[in-house]
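J.: Here is how the chains run, residue by residue.
Number of protein chains: 4
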Amino acid sequence: MIIIMEPRATQEQIQRVITLLKDNDFEVRYNTGDVHTVIDAIGDKTTLTPGRLSALEGVKEIKVIREPFRLASRDRNPEDTVITFPNGVKIGGNNKPVSMIGPCSVEEDYEGLLKVAQAGKEMGCEFLRGGAFKPRTSPYDFQGHGEKALQYMKKACDETGLLSVSEIMDACDLDMMLEYIDVLQIGARNVQNFKLLKAVGKCNKPVILKRGLASTIREFLLAAEHIMYQGNTNVILCERGIRSFDSAFTRNVMDIASIPVIKKYSHLPIIVDPSHGTGQRYLIEPLAKAGLVVGADGIMIEVHHDPENALSDGKQSLSIPMFKDVMGRINSFNNRLHYEKTCLSANVE
Amino acid sequence: MIIIMEPRATQEQIQRVITLLKDNDFEVRYNTGDVHTVIDAIGDKTTLTPGRLSALEGVKEIKVIREPFRLASRDRNPEDTVITFPNGVKIGGNNKPVSMIGPCSVEEDYEGLLKVAQAGKEMGCEFLRGGAFKPRTSPYDFQGHGEKALQYMKKACDETGLLSVSEIMDACDLDMMLEYIDVLQIGARNVQNFKLLKAVGKCNKPVILKRGLASTIREFLLAAEHIMYQGNTNVILCERGIRSFDSAFTRNVMDIASIPVIKKYSHLPIIVDPSHGTGQRYLIEPLAKAGLVVGADGIMIEVHHDPENALSDGKQSLSIPMFKDVMGRINSFNNRLHYEKTCLSANVE
Amino acid sequence: MIIIMEPRATQEQIQRVITLLKDNDFEVRYNTGDVHTVIDAIGDKTTLTPGRLSALEGVKEIKVIREPFRLASRDRNPEDTVITFPNGVKIGGNNKPVSMIGPCSVEEDYEGLLKVAQAGKEMGCEFLRGGAFKPRTSPYDFQGHGEKALQYMKKACDETGLLSVSEIMDACDLDMMLEYIDVLQIGARNVQNFKLLKAVGKCNKPVILKRGLASTIREFLLAAEHIMYQGNTNVILCERGIRSFDSAFTRNVMDIASIPVIKKYSHLPIIVDPSHGTGQRYLIEPLAKAGLVVGADGIMIEVHHDPENALSDGKQSLSIPMFKDVMGRINSFNNRLHYEKTCLSANVE
Amino acid sequence: MIIIMEPRATQEQIQRVITLLKDNDFEVRYNTGDVHTVIDAIGDKTTLTPGRLSALEGVKEIKVIREPFRLASRDRNPEDTVITFPNGVKIGGNNKPVSMIGPCSVEEDYEGLLKVAQAGKEMGCEFLRGGAFKPRTSPYDFQGHGEKALQYMKKACDETGLLSVSEIMDACDLDMMLEYIDVLQIGARNVQNFKLLKAVGKCNKPVILKRGLASTIREFLLAAEHIMYQGNTNVILCERGIRSFDSAFTRNVMDIASIPVIKKYSHLPIIVDPSHGTGQRYLIEPLAKAGLVVGADGIMIEVHHDPENALSDGKQSLSIPMFKDVMGRINSFNNRLHYEKTCLSANVE
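Line by line, the protein sequences give chains S, P, F and R. Take 278 as the starting number for the first sequence in the numbering used here and just add one per residue. Take 278 as the starting number for the second sequence in the numbering used here and just add one per residue. Take 278 as the starting number for the third sequence in the numbering used here and just add one per residue. Take 278 as the starting number for the fourth sequence in the numbering used here and just add one per residue.
Note that these hints are calculated values from the structure, not bench results. A couple of the hints might just be wrong.
Identical copies carry no separate label here, and so any pair may be met within one copy or between two of them.
What the hints assert, rightly or not - Derived BS3-like pairs: lysine-lysine, alpha-carbon spacing no greater than 27 Å straight-line:
id, residue 1, residue 2
1, Lys482, Lys431
2, Lys601, Lys618
3, Lys618, Lys475
4, Lys337, Lys541
5, Lys432, Lys367
6, Lys337, Lys479
7, Lys337, Lys540
8, Lys373, Lys431
9, Lys299, Lys373
10, Lys337, Lys398
11, Lys340, Lys482
12, Lys299, Lys618
13, Lys540, Lys432
14, Lys373, Lys398
15, Lys432, Lys541
16, Lys601, Lys541
17, Lys367, Lys479
Using the sequences and the hints given, assemble the complete structure.
T.: Structure below.
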């Protein structure tokens, strides 16, 4: 790391920093410019953290050179992470991008959920997603059906052969969820709920981690690091829009460029969720394709058997006929992209 | 609420919305402009939610007129909430703004914590704050000393007569924390951790709720509503800076105007945390004063007995001598503001 | 428009608003809810503006129903704008998306510029862009070669048959620029330089208007409206990234969804600039494709004959060999998308 | 500056950077960590710019140590800039903060303007501000009365002894404005209109430069640098709110902390504009005081003789009676702050 001293830092203050670094076995070099002294230090940042150094008198700023995430970094782990499910479905690397579809929340009507699952199966999707516990901004909104919803999810997946995805909101629910669910999801609002990250990090179940509304890419990868640090390396990232100054036409701004950026700096798979990312039905197809063309490993789309009567997020849900229409076009696009990508890499080899 | 239809909504779509509203006992009036039909509906938004209406075909946008928070709103509860502690300290209303001080995290050295508490007592502060569980962006950073830290907090408060404040990160820790702590804090990253909001809502302990980095004022008050909805109305809001496009000189941007805005729309007390809000020692005094002058009910300031060796947030912590200096000036300012405010209101009556 | 009164607005305040509306020939209806009175008014907002109404005592908020841009709106002008150049090149509607390439600024070395133009021609691009006047954040940076650069641009275009694009920064330069340049560009920093918008609005030359770093979509379309209002309807919008809280890996966040949003609400063509939008070479190809797949009418890419010695923006410029490589893949992608789009629309008809 | 190489930069790439630095007379030192090579270079950044270096292959990032603004920096010019007007009024340094008041735009009714000016004089204000040319987001809004408005401004100032402030939007208007106006203002939307910055930089008239909606503090100071670089060092900065994700209750977020930050890094005076910063009448008094308490050198407040009939920004304007009320309290606050500040500094000496 690089320690930049204040313009008027005293020789004593500079020496203090250098001594502390050396005492902690850092290799130290420094330059004194006409204004700032700059100290370059190589060593173990877990014994002497940048935060601690920054508190020393006379220190203006610390510039950390190496990215703070380690297990998630491509630097240290150049190979793409590929997650393989018992039924042979794979996410990540050179595998064909997957599709996850389903309602925002699982409702009373099991037949409705099953219809969505069957439509998903028919269109070649691999995952059924549905919420059992709903994070809701207002306490007056529908909060989800809990375990009953998970039972429905399992049943619909057993009938169709899809894999199930559902959000976990409380570490206490983990054991129960593991009985029913193939992929745990951590929602955008919980991206820095460290207790929850730790809890899912201690199981082996694949986890979809959604980017927070105000997460930087670095913080997002550090949230993944919290999970991986506990042993669970089956992390799937999900870009679902960030907060911006303009929410007149879309709920969030989808940071499509974050996908190739994350691919460069991390080996983890990343999917894209245009339903939450835009909050508008008519934007799902174009933004799903945009995600795929920049390299996403999958898409997540809200589908409801009766969006006009959905208990949550009906506005951004596709009905089953709309979904079949949209998914048909996304499938052609995805197939061709995948064909070219694999041919290309085959030719290169 | 007002339902704005798409420019090309059909008569059928319009009738569909009106019928649904009437079926749910809404009082309905509507105008057909040359482009948009606008429907004005008065009724119970918990039986027919704006979200559900927005999913109907032909609906462009729903404009909710009344603020969605209820228990927290001044509209419905015009009187200022005042929270009274067993030792007579009061927060809110016309009471003199309080001061909360202490280290970001409680460390091994009990004597250090005690020195901070004693300095706080000496300077007239009412609360000692110190973290036992630390939410940390990176898993490689210090995570807090847990229960032991809480014991230290209790001991230092018993010795000095201060009230203790500490952050809760997991609903499972609630019972344990209630034994040691006078005020629970919910951190910025957990402002939409609804499980945690619910859990603290079920006890009676006062709760400091920090605004999230990307919380709108409305979402912030809805987070408070989640706590109040469970029965606990002892909520103290805390403005601690929001995320902006510029973090070169300050960690966050303090939204000082949010304090009088929240005072207008809610009866809850609100304090200001310039240490986290700016991340810079030299900005603590001016921003604390700015918070007080616009009407904050208290301030929260990081003080560490040895900031250069603090395990977290040393950069933004004041040392004890600095703190005494700064706090002396803040006290004079606070005393005079309070004197004028109470004299003024006395004269008005 | 809808006028929402404060919860405690008096009957007098309400009557005042209604009288003013009626005096201005608005058609008025209103509801009195249990808390708010809501007034629905249809009439000419240029005689009585929402801004003026909002200043009346007791008015909480005005909600304008119809979008404030008129000439730019698809509502009023459903047909796509198509801009046709003398050489037959067309932008907008169902025409194949175009490519604009060239250096950030035109430098001393004419041969370098010509090489870029020739490479562009060879790869099927239609436009050469190059800056003569450079808006630079710092006065110590290179400010452009002015008229000489424009002469170079004209010469390189004459030799290759490309059309030229260059930024105008000052209304005083307009006549001079019209001699040399086929398309005027207004940069992101000048998106609300109304004097400049007016000036270019008075000529007939096509104008590329770049979205400001902090322009909402509505403000962006209103900036276009300023140009169109003066008579020049040949406006091409350009999405080039907006400012967000994260600039660690990309200069800006590209708002890819803004392209289909703008297509829905406006008939104007829109292109995408991934070079400025990301500031990173490796993101140009994926983001150009993402722009095209969501419906952009063209792309703009920085190419320099010697990026390592470029006087500005070398970091985000492609060298000529990189460009040929990238452009080849973008061309295949673009051709296929266009083929499908036109076949599809042919089939639908 | 510090050049951080990519993790896999080759020896050749590293040597290339070093050679280029040495060829440009930079003093160079470098470290090779286990991952990144870091090069520390001291020299003249105008001969070899960071932008150019960043385009070299293998360079990951450039960290500039010294702030890029020079004339505006306190580093190089430790003394506070004080601007003195012919009538003895002073802005900056230890002088008592000034007050600028007046309507958003000057309207047809001269008597109205005069009443505002007289009220300002009566309350001890030093400046009358009023717009002659209005930057308006929509072309359908009132655009200002131009020269006639400037004549009114001059007349009202001649009658009252106030100094006049008005916004310049076009370099072509400069000579005309210099005849009538004591302080030129550059609006937020023109903060990076470099032609205009240059033009006002070539005269000697004091200039108020408003921070852009999305200007970082560094960009804001660089905009001031553009003016100073042309010779005009009479620059007064103005904080007037920045754009954030929440505009439900306030138009912008006032970055109150930016005032002490700018005071630390620059010697220029800075004032605060709570009318534009919040867009709400009831927030003007608290935010004006917040600005003063953190060290602003003045305040700017919108006052209109008849806000309900104002042609622009009535919502955020104070009427004359409200203004007198608010200004009275601000004056007491300001006087006491100033008294303490000057006594304090006198005692310290």
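J.: For every hint, state whether the structure bears it out.
T.: Consistency of the hints with the structure:
{"no.": "1", "hint": "Lys482 <-> Lys431", "verdict": "within (15 Å within a copy, 40 Å between copies)"}
{"no.": "2", "hint": "Lys601 <-> Lys618", "verdict": "both (25 Å within a copy, 19 Å between copies)"}
{"no.": "3", "hint": "Lys618 <-> Lys475", "verdict": "neither (36 Å within a copy, 48 Å between copies)"}
{"no.": "4", "hint": "Lys337 <-> Lys541", "verdict": "between (30 Å within a copy, 13 Å between copies)"}
{"no.": "5", "hint": "Lys432 <-> Lys367", "verdict": "within (22 Å within a copy, 54 Å between copies)"}
{"no.": "6", "hint": "Lys337 <-> Lys479", "verdict": "neither (39 Å within a copy, 35 Å between copies)"}
{"no.": "7", "hint": "Lys337 <-> Lys540", "verdict": "between (33 Å within a copy, 16 Å between copies)"}
{"no.": "8", "hint": "Lys373 <-> Lys431", "verdict": "within (25 Å within a copy, 47 Å between copies)"}
{"no.": "9", "hint": "Lys299 <-> Lys373", "verdict": "neither (50 Å within a copy, 49 Å between copies)"}
{"no.": "10", "hint": "Lys337 <-> Lys398", "verdict": "neither (57 Å within a copy, 32 Å between copies)"}
{"no.": "11", "hint": "Lys340 <-> Lys482", "verdict": "neither (36 Å within a copy, 41 Å between copies)"}
{"no.": "12", "hint": "Lys299 <-> Lys618", "verdict": "neither (50 Å within a copy, 44 Å between copies)"}
{"no.": "13", "hint": "Lys540 <-> Lys432", "verdict": "neither (35 Å within a copy, 42 Å between copies)"}
{"no.": "14", "hint": "Lys373 <-> Lys398", "verdict": "within (16 Å within a copy, 36 Å between copies)"}
{"no.": "15", "hint": "Lys432 <-> Lys541", "verdict": "neither (39 Å within a copy, 40 Å between copies)"}
{"no.": "16", "hint": "Lys601 <-> Lys541", "verdict": "between (33 Å within a copy, 22 Å between copies)"}
{"no.": "17", "hint": "Lys367 <-> Lys479", "verdict": "within (22 Å within a copy, 43 Å between copies)"}
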